[in-house]
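In case you want the letters, here they are:
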Amino acid sequence: MATLTETRDIAKPAEPRTDTHYARQVLNRQRSERQGGRMGINEESLARALGWFSIGLGIAEIIAPRSLAKLVGTDNHKPLVRSYGLREIASGVGILTNPRPAPWVWSRVGGDMLDLASLAAALKSRRNERGKTVGAIAAVTGVTALDVLCAQQLSAGTGGASGRAPMQAEASLIINRSQEECYRFWRNFENLPRFMSYLEAVWSSGDRRSHWVARGPGSAKVQWDAEIVNEVPNQRISWRSLPGSDIENSGSVEFEPAPGGRGSIARVQMDFGQPGRALGKLLTKLMGKYPERIVMKDLRRFKQVLEVGEVITTEGQPAGRSSSTTWLDSIAR
Amino acid sequence: MRANCWQGKKKMQVEDVADPKILNSQDAIVRITSTAICGSDLHLYNGFVPTMQQGDIVGHEFMGEVMEVGSAVKNLKVGDRVVVPFPISCGKCFFCQEGMFSLCENSNPNAWLAEKFWGHSPSGIYGYSHLLGGFAGGQAQYARVPFADVGPLKIENGFRDEQVLFLSDIFPTGYMAAEACNIKPGDTIAVWGCGPVGQFAIKSAFLLGAERVIGIDRYPARLQMARDKSSAQTINYEEADVLETLKEITGGRGPDACIDAVGMESHSPGVQYAYDRVKQAMMLETDRPIALRQAILACRNGGTLSVAGVYGGFIDKVPFGSLMNRSITVKTGQTHVHRYMRPLLERIEKGEIDPSFVVTHRMSLNDAPEGYEMFDRRDGCIKVVLKP
Chain A
1 MATLTETRDI AKPAEPRTDT HYARQVLNRQ RSERQGGRMG INEESLARAL
51 GWFSIGLGIA EIIAPRSLAK LVGTDNHKPL VRSYGLREIA SGVGILTNPR
101 PAPWVWSRVG GDMLDLASLA AALKSRRNER GKTVGAIAAV TGVTALDVLC
151 AQQLSAGTGG ASGRAPMQAE ASLIINRSQE ECYRFWRNFE NLPRFMSYLE
201 AVWSSGDRRS HWVARGPGSA KVQWDAEIVN EVPNQRISWR SLPGSDIENS
251 GSVEFEPAPG GRGSIARVQM DFGQPGRALG KLLTKLMGKY PERIVMKDLR
301 RFKQVLEVGE VITTEGQPAG RSSSTTWLDS IAR
Chain B
1001 MRANCWQGKK KMQVEDVADP KILNSQDAIV RITSTAICGS DLHLYNGFVP
1051 TMQQGDIVGH EFMGEVMEVG SAVKNLKVGD RVVVPFPISC GKCFFCQEGM
1101 FSLCENSNPN AWLAEKFWGH SPSGIYGYSH LLGGFAGGQA QYARVPFADV
1151 GPLKIENGFR DEQVLFLSDI FPTGYMAAEA CNIKPGDTIA VWGCGPVGQF
1201 AIKSAFLLGA ERVIGIDRYP ARLQMARDKS SAQTINYEEA DVLETLKEIT
1251 GGRGPDACID AVGMESHSPG VQYAYDRVKQ AMMLETDRPI ALRQAILACR
1301 NGGTLSVAGV YGGFIDKVPF GSLMNRSITV KTGQTHVHRY MRPLLERIEK
1351 GEIDPSFVVT HRMSLNDAPE GYEMFDRRDG CIKVVLKP
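Protein chains in written order, with the numbering used here: chain A, 1 to 333; chain B, 1001 to 1388.
Check each hint, because a few of them may be wrong.
[Stated by the list, open to error] In the DMTMM-like style, the derived pairs of lysine to aspartate or glutamate whose C-alpha atoms are separated by at most 25 Å in a straight line are: (1) B:1010 <-> B:1367; (2) B:1116 <-> A:44; (3) B:1387 <-> B:1373; (4) B:1021 <-> A:310; (5) B:1074 <-> A:181; (6) B:1092 <-> A:315; (7) B:1021 <-> A:315; (8) B:1116 <-> A:315; (9) B:1092 <-> A:256; (10) B:1116 <-> A:292.
Because the hints were derived from the structure by calculation, they are not lab data.
In this text, all values refer to a predicted model and were calculated from it rather than measured experimentally.
Given only the sequences and the hints, what does the whole structure look like? Please build it.
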């Protein structure tokens, strides 16, 4: 039912782009140039591979410390090898579960240093098989190089990918109503709070201008003025915050007829501005790192309001616990 | 009010909770006069349905009297006697308009979550996990019924509750399973599971013109009900080899259609059960598809496999090659109850069927936990009706 598309070129009519479209195209091109300019390895999948490697090695170190010590030609240091195993697993889990794994990959680099130091110490002891130890040092050095490369790329990337780029989201949904009905409802911006969860109110203040009030965490409120920058009746509306407002954001919605007379397909693009700025910060709080989830859920509510007249809820129903709904519902809605 | 709440695996508890209120303008509040425990409630009870939450009010087979209606309700008024279908459906979306009510696009407020699990979301269902909306269910004194103009069926004649209650789920569910078999005169239909849905599938298969219906189970009381109430042939799978017996009955060809009225907690004697039980316990599969596998292998070439039993997640070792190479059609789905309520009420009115034949136990709502325990042990317990 729902499709989140990053590839907007598929099935898009070749019509003149709105300002938002244009801005997005430029941005995407800049992004892909930035990424393409690297080595051709995707640092995220490299990090994932390193994460799994960490976990695998860690498990081996914990389960079979003796064999592992033998493999690298050192004396049997069971507790030490096991503690290194724990460290490996921690790094691995950190890399795999963290949306920003850079610090965890750096933790691997630190671990590599420790490994190398231990192996170097082992070289001094006559009891050890030095040939094997040298081999192990070579192998660890190779992995260290990979870790450093990956960590550097990730650290450089975090600034670009999620630090400074505007928070954007797209969503589309089929609605069992005509283009005209969808357009008419959306065009009256005072309707937006009925389905956009973070809005408290919108007032149309004349022709193309409107005043928006968003709910923040607690009782915080954020307000700004916006204007319609482009509209094609029954097909498209684009809006953006007025230049000079505290908040910088823009959005557009397009309605196209669904094949076979099955209503229309609404496609929404939202740009919530720089995450560092007020609304961006607020929205980051509200929707974590996934603004597209909010946009998709809002669009689903738009569909409900249009098709059945209201958004169905279970808020306030009885239950054999203190609250009518649970954490699962709040994630899902 | 009193309501039966899920408090964890194998733990149902009747508690005092708040009375339901109108939350949407198309809601109605129903005072429940009869409510039943469904076989699919046992999947909740046994902890196999994901996203159940402590304190959820369960139950999705209920009927009663309208106490209050929301401002937008037009077809119902206070005092109407209604049976409530278990899927919640808006009546306005593409799927409702196509008659696929259990796939309503607007009734699951947690659709986003369901999409993560299943790709797309079906409709909301009363008291059946947060994946399906997290709606309070009907094993209670009162229930809130959303989209009251779309779902509830008015009962305007003097039928007893037990004669019409099962229009809420199991009668339409058994009927839809039989209808999916596209039965032609002379057909032989095999039904795995002679619980309440299986009993209605057997009856419905005969109503739709099947020549022979074979019920498969391991509980003598259920097999006997299938023989006595519907003149079915029966196979006790603990005593006979099901595939061999079916071949013998059909001269080697196999039944024209096979109905799985068992679902995710299937049993069998022998290793297969142990295999699936272990995989299920290790979370390597979520559902045990033993009956399903057998039904596929038993089905005649070009026949139909109709799945009415509930599955939740992933199953393992399904003989898909058998399905593909032998041109078997698979039909399944949560029941589009709204579509069947009126025509099946007419069959009841004409005296073609009296659904109350499945009831074996009548209890007070307060004894619901005991009812679950008994139904789960199954011996002689086929259908429990609770009186709030």
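For each hint, the structure was consulted:
1. With a CA separation close to 15 Å, the supplied pair residue 1010 of chain B and residue 1367 of chain B stays within the 25 Å bound.
2. With a C-alpha separation of about 23 Å, the suggested pairing of residue 1116 of chain B with residue 44 of chain A holds against the 25 Å cut-off.
3. The hinted pair formed by residue 1387 of chain B and residue 1373 of chain B meets the criterion: a straight-line CA distance of about 17 Å does not exceed 25 Å.
4. Between residue 1021 of chain B and residue 310 of chain A, the direct Cα distance comes to roughly 17 Å. Compliance with the 25 Å bound is thereby established for this hinted pair.
5. The hinted pair formed by residue 1074 of chain B and residue 181 of chain A meets the criterion: a straight-line CA distance of about 24 Å does not exceed 25 Å.
6. For the suggested pair residue 1092 of chain B and residue 315 of chain A, the alpha carbons sit about 22 Å apart, so the restraint of at most 25 Å is met.
7. For the given pair, residue 1021 of chain B sits about 10 Å from residue 315 of chain A by alpha-carbon distance, which is consistent with the 25 Å threshold.
8. Of the supplied pair hints, the one linking residue 1116 of chain B and residue 315 of chain A holds, its CA atoms being roughly 22 Å apart against a limit of 25 Å.
9. With a C-alpha separation of about 20 Å, the suggested pairing of residue 1092 of chain B with residue 256 of chain A holds against the 25 Å cut-off.
10. A distance of roughly 14 Å separates the Cα atoms of residue 1116 of chain B and residue 292 of chain A; the hinted pair therefore holds under the 25 Å criterion.
The structure agrees with every numbered hint stated previously.
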